[in-house]
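Chemist: Chain by chain, the residues:
2 protein chains.
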Amino acid sequence: MTAEKSLKVALLGCGTVGAQVARILLEDAAALADRSGAALELTGIAVRNTASERDVQLPAELFTTDANSLIDQADVVIELLGGLHPAGDYIARALKRGASVITGNKALIAAQGAQLNQLAAEHGAQLRYEAAVAGAIPILRPIADSLAGDHITKVMGIVNGTTNFILDAMDSTGAAFDDVLAQAQALGYAEADPTADVGGHDAAAKAAILASLAFHTTVSSDQVHTEGITEVSAQDVAAAAEAGYVIKLLAIAEHAEAGVSVRVYPSLIKRSHPLASVRGAFNAVFVEAENAGDLMFYGAGAGGNPTASAVMGDVVAVARQLAAGAGLPNGSADQPVNLLDFEQITTSYWIGLSVKDQPGVLASIAAVFGEHGVSIESMSQHSDADGEGSALRILTHRGAEAALRTTVDAVAALDAVHSVTSVMRVEGN
Amino acid sequence: MTAEKSLKVALLGCGTVGAQVARILLEDAAALADRSGAALELTGIAVRNTASERDVQLPAELFTTDANSLIDQADVVIELLGGLHPAGDYIARALKRGASVITGNKALIAAQGAQLNQLAAEHGAQLRYEAAVAGAIPILRPIADSLAGDHITKVMGIVNGTTNFILDAMDSTGAAFDDVLAQAQALGYAEADPTADVGGHDAAAKAAILASLAFHTTVSSDQVHTEGITEVSAQDVAAAAEAGYVIKLLAIAEHAEAGVSVRVYPSLIKRSHPLASVRGAFNAVFVEAENAGDLMFYGAGAGGNPTASAVMGDVVAVARQLAAGAGLPNGSADQPVNLLDFEQITTSYWIGLSVKDQPGVLASIAAVFGEHGVSIESMSQHSDADGEGSALRILTHRGAEAALRTTVDAVAALDAVHSVTSVMRVEGN
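In order, the protein sequence lines correspond to chains Z and H.
According to the numbering used here, the residues represented by the first sequence are 164 to 592, in order.
According to the numbering used here, the residues represented by the second sequence are 164 to 592, in order.
No lab work stands behind these hints, which were simulated from the structure alone.
Treat the hints with care, since some could be wrong.
Since the list gives no way to pick out one identical chain from another, each pair is judged satisfied if it fits inside one copy or across any two copies.
Cross-link-like lysine to any residue pairs, in silico, SDA-like; alpha carbons within 25 Å at most [unchecked claim]:
#1 Lys-317 <-> Glu-190
#2 Lys-168 <-> Arg-568
#3 Lys-168 <-> Asp-497
#4 Lys-171 <-> Asp-235
#5 Lys-168 <-> Gln-498
#6 Lys-317 <-> Gln-346
#7 Lys-433 <-> Thr-336
#8 Lys-168 <-> Ala-554
#9 Lys-519 <-> Asp-504
#10 Lys-168 <-> Asp-504
#11 Lys-168 <-> Pro-499
#12 Lys-259 <-> Glu-224
#13 Lys-168 <-> Ala-307
#14 Lys-168 <-> His-379
#15 Lys-317 <-> Ala-192
#16 Lys-317 <-> Ser-440
#17 Lys-168 <-> Gln-289
#18 Lys-317 <-> Arg-186
#19 Lys-433 <-> Ala-530
#20 Lys-317 <-> Ala-465
#21 Lys-171 <-> Val-589
#22 Lys-168 <-> Ala-487
#23 Lys-259 <-> Arg-186
All values derive from a computational prediction rather than experimental measurement.
Chain Z with its partners taken away, still in its complex shape (with noise of 0.2 Å):
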């Protein structure tokens, strides 16, 4: 096929994944063009210094510092800057033109996303991010377009490869988290400051996204309740080995019958869940739908060729519509939903006590989860390795978290226990 229109890209951004967007809007033009219908002509790279950040091997004229123009001329804009600002900007501004956004950036579009759609719906534009959730898994468009006829009731995501690098290391090596964290960043898993993956952001901006596709409604990071990873000992996931579990943060987005909640936290899951074999720095996606049952869809989360696999498949998309004349399909309408406080959410939990070694014990805690209606799936007892009392580690039913965190404390302040070690909650059962 002999593509008969051209289209105008401007990439913003020169980092990892824009370096191999350009590298495959170079090379790959004849097959783009074929599966577009329109040739795809890279038209410029907008960066903020061009000494500094031009990668050498792409050609030196297509380095620009004055995005603004670049963006005035183009019929696609690929965003790869990250950030809120200037990625924002430079975005309206396309689509206000009406030319088609593609961009990777979550943190904006978690942000955002609600009024950066809006605005490419009311000018005609498209706007894109498959890339900003899970880096390579197509898992946006198969949540917005091919279980469109379906309903999604819950999403469990591994949407962060640091933490699932370093829960994975400490699992199969009983390393503790700081050893392990001082590992990912000499192997370049983990960024010199690494609170965005470990305090569990990254995977709450991804959250937020998966959720307003699901559930056809927009949800922002800020309404994610986070928890990271800092707090996960080497004992918890040698306990959790123990008793068949292994534990991995999740981003979950959960459509029950009193509203939605969205959350991430670090989760036991059993070993025997198709999550729990999501090893090192790779992600995945599960999903569960009324029709469709249970789905999973698995691959790498980040690093410069996947993600830029994701936004080339995001730009050919783009391209067949520009090169068809198409009009745009109606996205799905905003739903209003009930977005639950986090304490009315469901879930169990799993309780590690230290307890003194004494009679009556066991009685005197099972009867505060009884008085707060939290019964007990299984409790299981060993020496504490200082020799000074014993090991208790309970696992519940599910239950409300409010009433859960209510007996953690009540059971916490009781004379026969030294301290609350660890309280994580279980998914997947």
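Dock chain H against the given chain Z, drawing on the hints supplied.
Modeler: Frame of chain Z, contents of chain H only:
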């Protein structure tokens, strides 16, 4: 959103999947209209015999035996009859009218997909068939759209639930093929006549569809080299397990430098490979792409509700385009590819031999491999169960199918070799 447009939907067939599709169209009309931008009006359900095929939970007045009249008034036709005739005629009739078609008919698409796609394009109609491969799993759209900016190099799918159920049961219980097949039939996982499944023909149709989409070309099921699982013995399964492998029936579409190969056969894969953990009747498709790397899509491969979910995803996609009055985006142009003969593919063999227990046997066998240019990765020897000789297992490095086959023939002709007890290929290394 109040849907302004209304689309007439004709359903052909009311079996397990059709009945669920009708139920969803009726029960979920409001949500579907919201998501599509058009009301979806089920105008009728065509069956061969309204007395015997009518689903009593659906309104009697919807049922008709006059499929053609239904088709001639429809905007959207959902074909769930299966088989080539009359399904193919109905679909062609609909497309020629410009009506869009959704089908789950893998046999028809694998045989006539190119012609039907052509017909759809000529008449400005849409043809979608996500449900034809791997039931509920969104796999065709990710391959055709999400990965359109990448180059897929290999697709390996567990796409037949019956054979995966059988092989998984053989692996976990040690039972023989015949016994597990009988059990699968009793449980409803296998048909009374299981030929299409255990012979690999169902998987071959799906392999043809996957290859066509992944490589932007046309492959029909008669071009797929197909071997079933009827020869897989309990001994094979046990020996594979001992060596750290599991046997799966794989549908493989590969784009190597020399050309494209599409094939179905039982294959050993390492226990650590993501496909190895696909249990029971579940399906999964593993995709390797140049930039995206390794991806896997996992879920229910059959059943009324899961398959209906895939059908309804296509229905909403079609309706969105129609509601927006949008022209159709271009698909990829068909690329000519060099379809390799099966003898030209590259794979590695896992060979079971029963040999005489005498000095020099290993040397004579190894010499035959050397003469044929096939190198051995590993060799292990055990006493035969009947004590009359040794059982030898040889894993080769990758080589051409033709060379591997010739080598096996030459080894079989050696005096020291009683028999070749099994030959199986190894994938995913």
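Chemist: Confirm or reject each hint.
Modeler: Hint-by-hint comparison with the structure:
| no. | hint | verdict |
| --- | --- | --- |
| 1 | Lys-317 <-> Glu-190 | between (40 Å within a copy, 21 Å between copies) |
| 2 | Lys-168 <-> Arg-568 | neither (61 Å within a copy, 50 Å between copies) |
| 3 | Lys-168 <-> Asp-497 | between (34 Å within a copy, 19 Å between copies) |
| 4 | Lys-171 <-> Asp-235 | within (10 Å within a copy, 43 Å between copies) |
| 5 | Lys-168 <-> Gln-498 | between (37 Å within a copy, 20 Å between copies) |
| 6 | Lys-317 <-> Gln-346 | neither (34 Å within a copy, 33 Å between copies) |
| 7 | Lys-433 <-> Thr-336 | both (19 Å within a copy, 22 Å between copies) |
| 8 | Lys-168 <-> Ala-554 | neither (70 Å within a copy, 64 Å between copies) |
| 9 | Lys-519 <-> Asp-504 | neither (35 Å within a copy, 73 Å between copies) |
| 10 | Lys-168 <-> Asp-504 | neither (50 Å within a copy, 38 Å between copies) |
| 11 | Lys-168 <-> Pro-499 | between (40 Å within a copy, 23 Å between copies) |
| 12 | Lys-259 <-> Glu-224 | neither (27 Å within a copy, 50 Å between copies) |
| 13 | Lys-168 <-> Ala-307 | between (28 Å within a copy, 21 Å between copies) |
| 14 | Lys-168 <-> His-379 | between (34 Å within a copy, 21 Å between copies) |
| 15 | Lys-317 <-> Ala-192 | between (39 Å within a copy, 22 Å between copies) |
| 16 | Lys-317 <-> Ser-440 | both (19 Å within a copy, 22 Å between copies) |
| 17 | Lys-168 <-> Gln-289 | both (18 Å within a copy, 22 Å between copies) |
| 18 | Lys-317 <-> Arg-186 | between (37 Å within a copy, 22 Å between copies) |
| 19 | Lys-433 <-> Ala-530 | neither (28 Å within a copy, 49 Å between copies) |
| 20 | Lys-317 <-> Ala-465 | both (23 Å within a copy, 21 Å between copies) |
| 21 | Lys-171 <-> Val-589 | neither (49 Å within a copy, 46 Å between copies) |
| 22 | Lys-168 <-> Ala-487 | both (9 Å within a copy, 22 Å between copies) |
| 23 | Lys-259 <-> Arg-186 | neither (28 Å within a copy, 42 Å between copies) |
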